[in-house]
Amino acid sequence: MSTNLSSWIAGTEGSPGDERWDALLDQLDVERLSDLFLERLLRIEDYATSALPVSEIRRTASRSFDALLRSLRHDADARAMEEVRLRQAMDVGVSRARAGIPIESLMTAIRLDFSILWAELTRLAADDDAALLVRHTETVWHVVDSYASQTQATYVAERQRMLSEASSIRQGYVAAIFGQDRPGPEMLAHIAAEIGVPQDGPLGVAVALREDAPALRVAVALAARAGGHVLTHPVADGLIAFWPVDGEHGSAATETTECLRGSRCGLVERTAGLASLTVAARFARELAAVMEDADVGALTLERSWTRIARKRLAEAGMSVASDVEEALDRCGRVERERLVATVTTYLATGSVAESTRRLFCHRNTLMNRLGRFTELTGIDVTVPNQAARLVVAWS
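Residue numbering for the sequence shown follows the UniProt record's numbering, starting at 1 and increasing by one per position.
Worth double-checking, as some hints may not be accurate.
[Stated by the list, open to error] Quick list of simulated restraints, FRET-style, between CB atoms:
id	residue 1	residue 2	range
1	T365	Q386	16 to 26 Å
2	R40	R182	46 to 56 Å
3	R225	N385	41 to 51 Å
Since the hints were derived computationally from the structure, they do not count as laboratory data.
Keep in mind it's a predicted model, so treat the numbers as computed, not measured.
Here a beta-carbon is modelled for each residue, glycine too, at the ideal position from N, C-alpha and C.
All chains, please: the whole structure from these sequences, using the hints.
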C-alpha cells in the first residue's frame, strides 16, 4: 500500500458514520459477490475459454472480496491488510500468468471488483446514506486499485519467470539433473556453476503432485520475492522445486524452507548436494503420493514414515496386520471400538496416565483393555517392537 493510500484510509478513521459504514460492509455477502463476479467474468472470452477451472476462479474471487472488505473497515490495520492483499495478489497473479490469461483480461477482471462492490453497496444503502457513500467512494477505489497494481506486478514477474524457464540454458541444465542419463562429477560441477548452487552443498527439495502443484508455484514465487534462490523442474504430473540450504537462522535459504513447508508437498529438507538430488526428489515424490485430503502443509519423513513403510510393505505383497484385524473381527462391535480407541490412544501418547485422561476412564479399565487386546491379537503394545507393527498398520 502506498503512503498516500495509508494516509487516506487513516484519514477516514473516527469520522461520522463509521459504524454505519461497517454495518453496510457487514451486509455484503462474499458468496453473492463471487457469484456476480463469475457471471460477468465468464463473459470475457479469455476466461471463458481458459483452462482455469471455475472452482479455482471462485476460490480466488472469494478470497479477494474477503480481503477487500476487511481492508475497507474503518478500524482496519492498514499494514496488516496490505500484506493480506499482497498474498492474494500473488496467488491470482501467478495462477493467471500460468494459465495464459492476457494481462488486459486480468486487469478487466480485477476492475470488476470495484463495480460489483459499489453496485452492492448502493443497493443496500438507504437514502440517507448518500453522503456516507460519497465520502468513501475514493477509499473503495484506492483499495481496489492498489490490489490491482499488486496483482499486475506479480503477473508480470511470473510471466518473466515463465519465459526464463522456457528459454534459458539454465533450465536445460536443471532438466539434465533429472534426466535418464545421470551426469557425472565433471558435468555436475559444470551444472552447479551454471545454475548457481554449490555442487556438494546441502539442498532442500519439494515435490507437489497434480492439483497441489499450483500452490507450490505460488510458494516458490513468495520465496523468490523474499530473496530465495529456488529452481523448479516441471514433470508430467507435478512440480519439483529445490534450493540451497544453510541452516542459518533468518537467512533467505532458511526462510525459503519455511515458506515451502507450508505447502502441500513432499519435502526433504536437507540432502547432500546435486549428486543426491535425484534420489531425494524421488523420495519427496513418494511422500507427496501418500498425502491425504486432511493433511495441511508439507509431509516430511519424520511426519509420515509410517505411511511410507505401510505403502512399501503393501507393494511387496506383505500385509502388516491382517492377523490383528481378523482377531478383532471376533469381537462385538462395541468391544472392538473400545479396544481400538484404547490402543490408538496409548500408541499416540505412550503414557497410561495421559491415555486415561483422554479416554475418561480409570487406569485399571485401560490396563484391562490393553490386556484383552494382547489376549486377542498376541500383541503387547507396551513392548515397543510389537507396538511398531500397529503404528505402521494404523497410520
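task = Could you check the structure against the hints above and give me the numbers of any it violates, in ascending order?
result = none
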